[in-house]
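Visitor: Each chain, written out:
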Amino acid sequence: MNMMLPHANAPAAAIPAATLGLCDVDIHPRAASRHAFDPWLSAAMRERLHTYGLRPRHGYVRGTPYPKSQPLASRRDSWAPGGGTPASDLGFVQAQHLDHYGIDVGLLNPLAPSGQGDTNNPFSVAMAHAVNEWQLAEWVVPEPRLRASIVVPYEDPVASAAEIRKRAGDPRFAQVLLMSRTSHPLGNPLYWPIFEAAAEVGLPVGIHAFGYSGWAMTNGGWPSFYIEEVSEHATSCQSLLISMVVEGVFERFPTLKIVLIECGFAWLPSVAWRLDKLWPSLRGEVPHLKRLPSEYIRDHVWVSTQPIEEPERPEHLADTMDWIGWDRILYASDYPHWDFDDPRLAIPAWIPAQKRAAIYGGNARAVYGW
Amino acid sequence: MKHVVAAADAIAPGGRLVVEAGGKRIVVWNLGGEFFALADRCPHQGGPLSAGQVMGHVCSAAPGEYSYDRRGEIVRCPWHAWEFDIRTGRSVFDPRRVKTRRFPATVECGEVLAAERFAVAVEGRYVVLDI
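In order, the protein sequences belong to chains B and U.
The opening position of the first sequence corresponds to residue 962 in this note's numbering, with each subsequent residue numbered one higher.
The opening position of the second sequence corresponds to residue 504 in this note's numbering, with each subsequent residue numbered one higher.
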C-alpha cells in the first residue's frame, strides 16, 4: 500500500481542468413554507399537511429531538438577506454556494419537510410526489446546474418503486433518495422493490444519514446529547450496509449502486474486515452469498466526504481512502447545514492532484453519469 | 502600522463592525467600552466570525455540574460553532494551538490623530488598529 504523507502537493499544472470541476452531491434545499408543496398535493393531502403536519416515527416530539448546533441546523450566514430560511431562496443559494465555489453540478437532497418515513404511508406517498415536482419547478428547471433526487416514501416500498419508475429516463433526477434510519434493517426483502426499480432505471440509491425509524438511535437506547446522535450515523450505516450485504441485495441486483451520504467512511474498512473474517465460518447460514462480503462492498458502494474524518495522523485517513478506492469518494458540502464543508479546505491538501480532482468531480460524474 | 478604522461611537457596547484594513478583513468588537479586533476568518475552514453568535462560556467541573461566565465575550463561528475568546482570539477548546489572529486595538482622540495627519475630526474619538 502506498503511504501518503502530508508533504507538498504536486504542482497545480497537473490538474487537468481550469477549475476544480466541482460536483457537490449533498445540497439541502428547503421550502420557505409548507404551502410550497400545495400545487402538487390533492385537496385531502393539503388539508392533512396543514392540519396535522408531519408525523415522523419519533414519538411526542415537535421538531428535532436534539439541539442541532445552530438554528435549523444551518450556517448562521446562510439565512437569505430577505429573511428566508436557509437554502430556501434559489438566488441566494446560487450566490453563496454555486457561484461562490464554482460548482458545476449540485445534487439536491431534500430532507425536511419531505414526508419520508412518516407514520402515515399514504401521506408519505403524496408528499414524495409533491417534493419531487417541487424540486423540478423551483430548483432544477430555473437552475440547470442542479439535479434532483427521487424522494421516495420508503416505508411503502411498492409505492416507492412506482415513484422511481415514473421518473425513469428523466435526466434531471440523478438518484433515488433514502434516509439511513428505516423501520427495518435496510437489506430486508421488504425494501427490495426499491432496489429493483432503481437497478431497472439505472439510478444509484443515495442513502443520507438521518431520518426517524421508530427505534432508538443507538443500540443502547436513546442518547442524551446531539453529539451522540451525529456520531451514531456511523453505526446505523454499518447496520444497514451489513444488512444489505448479508441479505443478498447485491447478489440479487448486481448493477445496484449505493452512495452513502453524510455517513462518514473511515468505519467502512473495519466493517468489511470483520465480515470477511466471519464469512468462512458462518457462510453456511447465508449460502446465497457467493463472494467475500468486502467484494460486494467494494463493487457497489460509494461514499461522500462530508463529514470527513480528521485523524491526528493523516496517513490513517489516507489508508482508509486507499482501501475504499480513490474512485469511490465524492465531494459533498452539506450546504447550508452547520457542518458544511468548504471544498477548498475540507479535502486535505496532501491528497495528490489527480486524486483530488477525482474526489472533487470526476467520481461523481462517473457514478451519476454527468 | 496604524489604521484608523471607525469612530469609537460607531460600535455600541456589545456590538461589532467589520472593517478592511491593511488588506485584511477584520471584525472589531466593543466589550463594555474596550475594543478588540480579530481576523474575520475562522482558522478551521474560514467561516466569517463576524456573523457568529456572541455568548458566554459554559464550564463544567464535572459531569452534571455547569457554570456560566464570560457573558458576551465568546463568539461561535457561524459554520461549525467553534468558540473563540473575543479578548484573545484563542479558541475555547484548544487555546494554545487553535486561534484566530488578534490585532491590537486602541481608542485615540482625534486631536492626536489629526496631528499624525489622519483625516479625522479633532473632537472625535476613534478606534485604531495596529496591523
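It should be emphasised that the hints constitute simulated quantities derived from the structure, not laboratory data.
Accuracy of the hints is not assured; some may be wrong.
As the list claims (entries may be wrong) - Here are the in silico distance ranges between beta carbons for each label pair:
hint, chain 1, residue 1, chain 2, residue 2, range
1, B, Ala1310, U, Arg628, 54 to 64 Å
2, U, Arg528, B, Asp1131, 57 to 67 Å
3, U, Phe596, B, Ala1310, 18 to 28 Å
4, U, Arg628, B, Ser1192, 26 to 36 Å
5, U, Gly567, B, Gly1330, 47 to 57 Å
6, U, Arg604, B, Glu1276, 28 to 38 Å
7, B, Trp1234, U, Val561, 34 to 44 Å
8, B, Glu1212, U, Gly567, 27 to 37 Å
9, U, Asp572, B, Leu1151, 46 to 56 Å
10, B, Ser1003, U, Lys527, 30 to 40 Å
11, U, His547, B, Gly1181, 23 to 33 Å
12, U, His547, B, Gln1199, 23 to 33 Å
13, B, Pro1215, U, Pro598, 30 to 40 Å
Even for Gly, the Cβ is constructed at its ideal location relative to N, Cα and C.
Visitor: Please write out, lowest number first, the hints stated earlier that are contradicted by the structure.
Guide: 1, 2, 4, 8, 10 and 13
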